[in-house]
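*Asks:* For the sequence shown, our numbering assigns the number 4 to the initial residue and increments by one for each residue that follows.
One or more of the hints may lead you astray.
As the list claims (entries may be wrong) - Here are the simulated DSS-like cross-link-like pairs (lysine-lysine), alpha carbons at most 27 Å apart as the crow flies:
#1 Lys455 / Lys185
#2 Lys307 / Lys295
#3 Lys355 / Lys189
The hints are simulated quantities; they were obtained by calculation from the structure and are not laboratory data.
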Amino acid sequence: MAAESEKGVSGNYGLLDQILALKWVQQNIARFGGDPTRVMLFGESGGAVDVSLLLTSPLAAGLFQRALIQSGAPVAKNYADSEARGLEYAQKRGCGNGSPQEQIACLRKLPVDSFVVDLSSPFRGGVAQMSWGGVIDGWVLPMDPLEAMETGNFNHVPLVVGSNADETSITAATKMTPEMTKILFKSIVSAEYYDQLMRLYPPGTTNSQARQAFVDATTDAQFTAYARRMARAVAQNQNEPVWRYFFSHKLNGLSRYYGAYHGLELFFVFQSIDSTTYARNGDITIDDHIVKNSMGTYWANFAKTGNPNGKVLPDWPQYNPITDAYLDINVAPAGGTYLRTEKCDFWDAVRKTSTAVALYREATPHTFRLDQNYPNPFNPTTTMRYHLSAASQVELRIYNSLGQKVRKLVNGKQSAGEYTIHWDATDDAGNPVSSGVYLIRLTIDNFTFNKKAVLMR
4 MAAESEKGVS GNYGLLDQIL ALKWVQQNIA RFGGDPTRVM LFGESGGAVD VSLLLTSPLA
64 AGLFQRALIQ SGAPVAKNYA DSEARGLEYA QKRGCGNGSP QEQIACLRKL PVDSFVVDLS
124 SPFRGGVAQM SWGGVIDGWV LPMDPLEAME TGNFNHVPLV VGSNADETSI TAATKMTPEM
184 TKILFKSIVS AEYYDQLMRL YPPGTTNSQA RQAFVDATTD AQFTAYARRM ARAVAQNQNE
244 PVWRYFFSHK LNGLSRYYGA YHGLELFFVF QSIDSTTYAR NGDITIDDHI VKNSMGTYWA
304 NFAKTGNPNG KVLPDWPQYN PITDAYLDIN VAPAGGTYLR TEKCDFWDAV RKTSTAVALY
364 REATPHTFRL DQNYPNPFNP TTTMRYHLSA ASQVELRIYN SLGQKVRKLV NGKQSAGEYT
424 IHWDATDDAG NPVSSGVYLI RLTIDNFTFN KKAVLMR
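Produce the entire structure from the sequences given, and follow the hints as far as they go.
*Replies:* See the structure below:
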């Protein structure tokens, strides 16, 4: 679609819509009793990604006076790779022939539903799978957004940034053995970092310890460390203040098992905890109302004054890049320092090393799916389908819940194309395997997909 743009680029249409909305607010909000000089831009998860990108977009300059980023990261894709992915997408829809104008005309004739039929959750198995999103186009996003923060090329406004203590718990497997966690850890980092990863996040000897180690590691890699990177970069490159938070509050009942999972804080920010299933189940306590009131007040103070602190609240210390100062948000909010600092240092090192496997995944042109996916059981055969966009080294293995390899289905170089593999629930020797949860691990070059399948005989 670049030919249709006076700038000669395409993409970032969602961000452009948001910028237009912010311009509307500047032009019209006073007529509704609002103040265009006190606009707070904030979002969570995908919304937090958007806020971080708008923070670095010159097109959004002057359209907001404070920003708040909840559980997100400043990630955007390379333009050439995104353009190639768009062309591949058009080909899959039968619109890959002809000129760019003819391809666009073909796509515009397709039913709307056809564009979302193969979309999947962006947050699966504890790992964020980046799909469509921001693009470094030289216009809306002139450069990599985190690099923009680190070099001072962003919109300087007061900032709050933070994350939750157990972000990935809600999507991680409910049962994980120590051996399974060790296998997953090998798909997260390269061999040079594996021992240090095991030291920082020991899988322990029980299933609950193993699961928590995986949750802690994937939470820090994708959220805690990114929150610190943003807080440090912005604080070091502007005079406006920065605050960092860490939401650690847990609910009662069954939900306590998941801890402070991804998105839990939204019930408290928007004062809606009493409208949740947790409330209907009788799991809400006075502690939850205390957290709701304090969090709502912090957020409202920041919107009104550019400072989250107020007379009736515990002091929220301003962020200091040396001490990693933050506010721990729970029933008794308290300031602290050095939040998971050693672990964040580790993930910073992993991120800067090209041989490491990035956990906060950029979109891959390859795809992988199961015809019967967890928690739907299969008996006796499950079918796996994957697509290679280019010739790649492929390895497809199946592990049991103890982390033991039971079957190697593929190991070698394969050309670009579609592949279908059937597993008949037998091991490498041809013997039937027992009922249970199995980990299916597909590695394409240095990118790894992990999926679960349940066998019921």
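*Asks:* Hints numbered earlier in the text: which of these fail when held up against the supplied structure?
*Replies:* none
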